[in-house]
Each structure stands twice: as C-alpha cells, then as structure tokens.
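Student: Below, each chain spelled out in residue letters.
Protein chains: 2
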Amino acid sequence: MSAPPTTTLGPGSDLSQVFELAQQLRVDSVRASTAAGSGHPTSSLSAADLMAVLMTRHLRYDWEAPDDPAGDHLIFSKGHASPLLYAMFKAAGVIGDDELMTTYRRFGHRLQGHPTPELPWVDLATGSLGQGVAYGVGIALAVRDLEKQPSRVWVLCGDSETAEGSVWEALDKAGHHRLANFTALIDVNRLGQSGPTELEWDTEAYARRVEAFGCRAIVVDGHDLAAIDLALTTAADQREPTVVVARTVKGRGVAEVADKEGWHGKPLPEDLAERAVAELGGVRDLRVRGPRPAAAAPATAARAGAVELPRFEVGDKVATRVAFGGALAALGARPEVVALDAEVGNSTHAEEFGKAYPDRYFQTYIAEQQMIADAVGMAVRGFRPYATTFAAFLTRAHDFIRMAAVSRITMALCGTHSGVEIGADGPSQMGLEDLAMMRAVLGSTVLYPGDATSAAALTAAMADLDGISYLRTTRGAYPVLYSADETFPVGGSKTLRHGADDQVTLVGAGVTLHECLAAADELAAEGVRARVVDLYSVKPVDTDTLARAAADTGALVVVEDHHPEGGVGEAVLSALAMGDSHPAFAHLAVTELPGSGTTAELLDACGISRTHIARAARALVRR
Amino acid sequence: MSAPPTTTLGPGSDLSQVFELAQQLRVDSVRASTAAGSGHPTSSLSAADLMAVLMTRHLRYDWEAPDDPAGDHLIFSKGHASPLLYAMFKAAGVIGDDELMTTYRRFGHRLQGHPTPELPWVDLATGSLGQGVAYGVGIALAVRDLEKQPSRVWVLCGDSETAEGSVWEALDKAGHHRLANFTALIDVNRLGQSGPTELEWDTEAYARRVEAFGCRAIVVDGHDLAAIDLALTTAADQREPTVVVARTVKGRGVAEVADKEGWHGKPLPEDLAERAVAELGGVRDLRVRGPRPAAAAPATAARAGAVELPRFEVGDKVATRVAFGGALAALGARPEVVALDAEVGNSTHAEEFGKAYPDRYFQTYIAEQQMIADAVGMAVRGFRPYATTFAAFLTRAHDFIRMAAVSRITMALCGTHSGVEIGADGPSQMGLEDLAMMRAVLGSTVLYPGDATSAAALTAAMADLDGISYLRTTRGAYPVLYSADETFPVGGSKTLRHGADDQVTLVGAGVTLHECLAAADELAAEGVRARVVDLYSVKPVDTDTLARAAADTGALVVVEDHHPEGGVGEAVLSALAMGDSHPAFAHLAVTELPGSGTTAELLDACGISRTHIARAARALVRR
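So the protein sequences, as listed, match chains X and L.
Using the working numbering, the first residue of the first sequence is number 1, and each one after it goes up by one.
Using the working numbering, the first residue of the second sequence is number 1, and each one after it goes up by one.
Bound conformation, chain X alone (with noise of 0.2 angstroms):
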C-alpha cells in the first residue's frame, strides 16, 4: 500500500477533506488492531467523523506543546478507543505510521490497549468505563475556577458506560457549577459488548436526561460532518456545559461488520481488514493542525507563604481528625493545596480549610466518586488536592482511586472515622477495610497518626509525596503524645515505650496505640516489660523498628481497628517475613460484626482493648 503525498489539514479545510480524514482514522484503527491482533476496531470507527471535525476545528491544542496552560483536553473516556486515538496521534504527525503498526498493545511501548498518561497527549489512563465524564468536569473546574484559563474539555464517551450512574454523578456537578468550559461527545452507536445498549439509538432519551441534569444536550447525526461542526461550534460558545449525544454506527464505514453484533472488542482478520481499507478509500497519509490554543493568563502570581502548622500540647485530648482539618487548613499557605469534601466537612473538620480558603475549597456534596475524580482532575492542572470524607465512604470510590494510580496522579485522601471507635453510629460508618484497599494501591503510602501532632506533621508531609497518600484518623479526642518539635518522617515509627530489657513488644496505630500504652502500664503494674511502638507510617512500614523489638523482645503483639486482612498486622508480617526474627506473634483485629456502643465498650467487644493487648501479650511472655 502506498501512501499519496502528505496534506496538512487546518481549520478551514473543507468538509470534504475531513471527511479524507475521518476515513484516515478509520483506516488507521483497522490497521492497527488488526496488526496487534486485538483491539476494539469497531468502537473506533463510530466515532471516527465527531473526532475528525473536533481535531481540525476545535480542539484548541498544540500537538508540540501538551503542557500549554491554555491548551484544550481530550479525554477517551472510552479507552478502549485506542485504535483511533493513537490514528489521531499519527494524522497530528506526533507518533508515526510505524509506531502504530508495529507497537500497539505490544510489550514495552507506549500505545497500550487503553491509553495512559505514558503517551504526552493523555492526562489521564482510563479504560474502566464511566470516569472520563468525571475527570473532564474536575479539569473543567480546575481550568475555569484555581487557573483562570481558556482551556476547554472535550470527552469522548461511549454510550454503553453510561449505564453507570457515576457518569451522572459527574453531569449534575457539570451542570450544577455551570461548567461551560466542558463539552462530553456521546458516541451513540447502539452496541455494546455483548448485545444492543439499554437505550440503543433513543439519542432522545439522552437528551432528555443530560438536560434534566443541567447541562445543554445537542443531539446530531454522528456521521453528518456539518451538523457535527455546528454541534461543536455550539458547544464552543461556552454559555453551558454541553453533552452532544451523537447517533452512529458501530463499524461504520465498513460494511461487514456495520452495526452488526459481535465485532466488539475484534479486530478484523487480515482478509476483512484489506477489503475494509478498500472500501474506506485505501490508506492516506493526511496531517492535521487544528486550532492553536488561546493565549494562555498570565500565571497566577500566588506566593507560598509560611505554613504554620497548628501546636498542641502533650496530654491534652484532641481528635486527630482535628489536627488533620488544622494543618490541613494551615498548608493552604501553598497555591497548590485544594481541599475536596463529599458533604462531611464539619466532621472530618475539612471546613477548616475552606474557611481560611473558599476559593480553593470544593464541595461535590455526598458524591465520593466525583469527589475523587475532581481531585485527580485538578491533579492533571498541577494541585496538590487533599479529598476527605469517612474511611467507610472511600470506598465508594475505590475503582476511581485505583485508576488514579494507573494514571500516577499525586493526591492526598484523608478517612476519618475510621474503625469501631466511632462508638454509636453503628457499623455502616465504620471504615474497617480502609488500610487493606489503600495499601492495595500501586505506590501508594498509608499514614495513621495516633495524636493530634503527628497527624498536623504527616497531613503536612503528604503535600511532598508523589503518588497516592492516605492518612486515616479517628472521631475520638485521645492525649496528644507528642511535642510540636518531634519529627515523623515518612517510613519511620516511635518507639514510646522502650528498655533494655524488654519482654514484649506492642505494636500499635491510631486509637489503638493509646490502648497499647495503657495495656503496658498494667503489664508494668505486674512487672512485664512491654516496649510500644507507634507505627503511624503503615506503608512504607518501618522494618527496621519492627526488626529490632522482634529481635530483642521475641514477641510482639500487633493491634488494630481494622478488619485483620491487609491492615497493620499483615504490614508487619509482611516487614518481618524477609528477615531473621520471628517472634512470637498475636494479632488483635476486628473479627466480627460490631454494632453501636461506646468506644470502650466497642474497642473491648472486638477484642483490640487494653485488656486483650495486655492478655495476649501475657500469653506471649509466659510462653
């Protein structure tokens, strides 16, 4: 196959060029998957024509220079519509013909079968359907709200995966901040995986549920080219948030396996796909320069001032969810800190930041998932965002962070009424399984302070982390045990309890290092020696500390306010495994279903009280 001449297409190329293009990435999608020999061919050519007129009219974007501040963003939402994304690359002139065709979906290259951000020109990974819509609307807000820039978001959404009520989650926000920066493509073609979608071609239901939730719906023939421009000219008025509910065909262009089921998520054998290109006009080797982006604002000129974070005094009881809602509030001093809430601020104590900064402070109302998403959307624009709500309400969120971490975004997440010591709430409040999904996630790090000053000095240190950092607090006002000049480094621990002779080691975090260090004074009263130590770094653990007492102490007992799967326990093992001591070793976690109560009672029914350390750890000694 022999390619003609390059053309360079601009905006004012005429419709029929486009047209050339649009069948260039369809050209290039078949290609692709089928020399991958997997990929999603047919997913790509629906959308073929609303991204041919987006790329050459509309996106305002420097193919050069995908940093531009006032550059526009794309966002796959359907990631499995890589083959066209990575044809747009090549019609942009940023990856070759020999990148695509002989790289895609292979080991160690970048075109993976969902994009990620390893490519320059994605923000963001996806390929769990139903995200993109909520990253764009938390871009959008970053753009439009902490930047002051020009720059507008496009997604290209399938219709399949707004089944998933996140994509709503995402509209009303989009609706509800007037968003007019944001503009979603539905790429209505009828078929999803395995069958026809729930509303197939009813573009009108569509229609009518985006406008109900606050955003313009323009409803088009995905395949008219001027009626998709004029969609697009409208979206790009910026007088609302705009949803184009575009009617395709999936497969379109190619007659074999037009609209018909089957073909989702195959490439075409070799013989399909040389009478495809056939019938799509034969390769053609076209070059697109669409719109330059706007002239970026001047950059803010916010300075860093001096973060001063908030001093507590040693024995005084203050809840750590206190100290994280004071330092929280006290980084505001640096531009780049935002705070997220999910309509639980005056009980994380979030609201601290969003008085002393309500232009950086983002209510998503009791919407975890959009919550998050905005968070990594304004990661994507260069903020450090902390997002809290419950330990328990995070995990509504959970394929959302788990994506974060495939995009290697750098966010702060804070749980607070973490474990049974919420008391009277009863078990649905009470995040038990927070430390197991957050330690799960690819490079992330998890912090649980167990007094107001290292939770203030961790909330600070995870505004230098990379990656995804965790601190899990606690509802309870418990003594401050630390003076303001100690240190937490990030790995370490505190050894609070500690002597030569040692017999016992108690291992503690969060509330349940107050319960250690009760249970050692009445070891104490009965003349065993318990060495405690405070292990609020979780992951990265420190394995040192935990080497050292196992090796003097033989015998550690580890307690936490957790489920006993992947919590503090298994990090310690884990830390211990590698190396030559074993200890004698009990682990105290919640076993069972708690219900409502005291903390005490709570803390004592599930097993983890000063009582049970102080059992276990008599059961170890006398060994």
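A few of these clues could be false.
As the list makes no split between identical chains, a pair holds if one copy fits it or if it spans any two.
[Claimed, not checked] Each computed DSS-like pair below joins lysine-lysine, with the alpha-carbon atoms no more than 30 angstroms apart:
no., residue 1, residue 2
1, Lys355, Lys148
2, Lys148, Lys260
3, Lys317, Lys355
4, Lys266, Lys355
5, Lys317, Lys266
6, Lys260, Lys355
7, Lys266, Lys148
8, Lys317, Lys148
Note that these hints are calculated values from the structure, not bench results.
Got chain X sorted already, so can you dock chain L onto it with the hints?
Tutor: For chain L alone, coordinates are given in the frame of chain X:
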C-alpha cells in the same frame, strides 16, 4: 409524662388520626435520640408524615410475620433516620417504649445507630447513602420476575443522597425493567449535613430527572397528608415505577430547629426536647394495624435437578473463567441460583447460565453497583445470586459489597480477567487489588482456582457457603491439573509436588500455580527439590499444610498475580504467624505499573514468572 390509653389506627382511620400518629413518630424520634445522646431527630421529623400515611394506609405488611413472601418491603435508605423507623416499630407494637428509650444506640442492643437486619423488620443494613434505592430495585425485580409475588417495595430516600450516581444507576434500572412494584419517596428537606443541598427545594428538578430516567414522578407537599395519601395511592396502582418527590421541612414540627442549619445529626438537648414534645402535643401511645399483605402466590414448585458439573480432561488447556461459566450453568439445576452480568457475560462466560436459564439471568449493563445491589436484593428474597464481572471492575462496587457484609448477605461473586495475565489490554483491566478488597470483607470466602476442574468444583461449592464468597478466575487457558473425582474443600489446598526431602515450597494460585510447576521442573533439573502447593483457598487458608511445608522445607516462595498487599502472600504470612515454623520467605508479586504485552512477557516483567520463582527458590535454598 402519662400516656393516654392505646388507640389502634388502620387503613380506615381518618387523616386527623394519621396526623396524631405522625406527631407520635416525631415525639418518639425526639425522645429516643435525646435519651441516647446521639442520633438524627431532625432528619426523622421531616419524613414522619410520609411514613405515617404509608404505614397506616399503604404498606401491606404483617408485623408479626415479616417473612411473609407477599408482604411489602420498606427500606430506609436514609438509615440515619433510624429514630423514625424505630418509632414506627413501636407504633406497630413490635417493640416497646422501654426498648426505644433505653437501648437505642447502646452497646449490645439491636436498635443501632443505623438499621441492620438484626431487627426482623429490616431487610438490609443502610447508612452508606445512595444504596437503598438500588437494593429496592433488586428486591422488586426478584419479587416480580422470579417469584411473581404481590409484594411491593417502598424506599425512603434522603435528598442529599441523590447526589450519588448510584441512585440514578438504580432508577435507570427501575425504568428499564418497568418495575411497577417499586416506589421511592425522596424526603426533600433541603438541608444536608453541613448546609443546603445542591438542589434545595427544586422539586421540579428532581421530577425532571426521575422522568428522564423512565420513572413516574409525583411531586407533593410532604406534610400534606391528603396529598401524600393520593400520591401513594397512585404509586400503588402498579402501573409504573414511581418516585414521590416530597417537599418537606427538616425538623418539621419543632419551631426551634425547623429548617435551621446546624441541627443535622444532633439530638435535642433535654430542655429543648421537652419543649419539642410539648409543641408536638405530648407523648401518645397510638398503635397501627395497616393493610395486610395480599395472598401470597403459591410457592413455585420448581424442584432442584441434579447438578452435573462439566468435566475436563487432565492436560487439556481450559480457562478457569470457562469452567466457571460451565459450572454456573450446571448450577442452574438448583432453582434458587440466579446469575447477574454487567455486560461482559461473553468474556466472563456467565452468559452460559443465561443461555440455559434466561429467566434467572439478569443483565445490568455496565453498572456494577447495581449488579451487586440486584444480587443483594435477590438474596434478601432467598435466592443464591452469582454476580460476575472483571475483577478490576468489582472495585466499583466496593461500598456495596462492604454493606452487604454488614447485612449478612449470602452471595457469590466472580471476578474474571485477574492480574497482569490478561496481557494486551493493559493495567486498567487488570484486577490487581481484588484479593485485598475481598479478603477484608467481613466473613468472606476467597477462592482462586488454578485449573478448570477446581474452578468448576469451587463454583459449585459457593452455592452452599454462607456470607460473601469470591472466586477469582483467569483469562487464559492453562492445562487441567485435576481429574473430575478430586475434591476441593474450602479451606484446603493441593500439594502437587511433594517428596520426603523437599528443600523449598513454592506456593501459587491461579496462573502462578502453573509458573510454580514450571519452576519446580526447572529446579528439579538442577537437583533442587521443590514442593508445590496449589493454594486455591485464600480465605480461609490451609494453615496446616502451610505449616507442614514450612517445617518440612524451611523455605517458602509465595507468588501471586496481585499487588503484594493483602493478597495470597499476606494470607500465608498470617497463617504462619501464630505457629512455630518460620521459614525463609520470598514473596513475589506485582510491584510496578504493568503495561500491555503478552502474558509471558508481563509475568516475567512483573517478576512473577517461572524464572523469577526458580531464582527466588535457589536463593532461599542456598542461603
């Protein structure tokens, strides 16, 4: 306070009596929460009129026979309004004033802060907002399509929680399935926890959304008893799924708190509570006998057939997901087994069940939260649901799974396409966190078969397990290891290579089991004798076999296609921690972000291939 003599209200009682009941529910909500010192009285006051009309005239329910299959269901999605629910229980005569006043939110008692099924009149735990509507849809579906019973479902939902996408994911399904036996009541009291809600009193906006999602919307003044009665009468015509959008006042009836911010989740202080009770007309002791359930449909006579599991030839290459699908279809011989898919049934092979038993196969499209909610609803009605999607996408439903455990639901989940093994699709599709998530679920069982025979047997075993069980399957085809007469007890393992003088034990599960076998071959060629354990049961785990292997060989290599936290490796460490054998230990897991590639390339790049296993084993043996 002396109570007047008991009067019993029924469907024929006039609205002035219903008003007295509503006031009683308010009075008791105030009294109970003030006595407890915590709780949400103002959120109860707003919905008291709705509930008084519902329980007197519309809820067809036998309070003495809550398991009557024809009875209606009432779900308090706004679980924090538990004072109102418990006040209703008192009015129904099933709890006494003493229990309400002295045990609410107290340790060891059933009137917990948020309702749980420990109470016979509560189907499901609520308290994580945005879930009740979804569960209601699941129950309504089971009642109508599986049982053909006359039961109806009523869900009381808060206005704040409609910010959760899951509510719209659910209403979409109510509309899609035309669930005419489903009614939600949104208590639009305008105030959330920390301030006004997003839509405040814009009841028309709620109605537009409801209608756009295919349900009938009825807007009412939620304190106009006649209007409520008319709305519920309309809803009960069972023509359409209905959402009653009720404009209410938070704190209604108590002037000092009505429509005031700052009163969410706060009991009234004692003096204010006294004034409130007086303002509400004092303590009453009205009783309610509402409508009785309709006659139950005769129990379906479906008898269990014989479950003939698929059989596989040792050595044939079969994917465990294929074996799962075949076994699931075979389990359809048991009439209580139902299967749910999130539009990937042709990948997960759940569709095999759908082909055999279309009436018990439910397509939830790409809506994992609703898939789990449907499963939970069906479990409430006594069915045995199997819900399946990619392991990665189960994280989307983490909060629903967590709450299902609080509800003590029995259901089987299957996550397919686990780990980097999937290859070219890339990290967004690779479940690498699912074992951590599922192990930390209270009371869960976690299974991870390495071949088709064990996958089929464990799929069948799940139909007899209590609680939430999870089967992790693999995309690719691997040799069948076991003949059909082998048994696979939950909590067991298989030792596939074993000798008197083994020097090291290789522990694998799923795809890594095959890598362990290959590594053992490689080691054997070098004269290193390796034991190989198939740890198909990750929770509970076979502590005895692991301890014996540790004692016999003194060295363990655990390898898993999962992040290192919370998975197979830590399950093994926890199993060995309390014992006396402390083997040298190597843990191979996925610690870096994978990309696309072939299975072999990715296993190797991630350090979990046969080569890495053999290398780790050599290092341990030669230490």
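Student: The structure should be examined with respect to each hint, and the outcome stated for every one.
Tutor: Okay, the hints, checked on the actual structure:
For a Cα distance limit of 30 angstroms, the shortest separation of Lys355 from Lys148 inside one copy, 22 angstroms, qualifies, whereas the shortest one across copies, 55 angstroms, does not. Proximity of Lys148 and Lys260 under a CA criterion of 30 angstroms is satisfied in neither setting, with 45 angstroms inside one chain copy and 35 angstroms between copies. In this assembly of identical chains, Lys317 and Lys355 lie within 30 angstroms of each other by CA distance solely inside one copy; the values are 23 angstroms within and 62 angstroms between copies. With identical chains, the CA atoms of Lys266 and Lys355 are at most 30 angstroms apart between copies only, with a shortest distance of 22 angstroms across copies and 53 angstroms within one.
For the identical chains of this complex, Lys317 and Lys266 are inter-copy neighbours only, at 22 angstroms across copies versus 61 angstroms inside a copy, given an alpha-carbon limit of 30 angstroms. When the C-alpha separation of Lys260 and Lys355 is checked against a cutoff of 30 angstroms, the pair qualifies only between copies, where the shortest distance is 20 angstroms, while the shortest distance within a copy is 56 angstroms. In this assembly of identical chains, the alpha carbons of Lys266 and Lys148 never lie at most 30 angstroms apart, being 43 angstroms within a copy and 40 angstroms across copies at closest. Taking identical chains as interchangeable, the C-alpha atoms of Lys317 and Lys148 are never at most 30 angstroms apart, the minima being 42 angstroms within one chain and 58 angstroms between chains.
Taken one by one, the earlier hints fail for this structure at numbers 2, 7 and 8, listed in ascending order.
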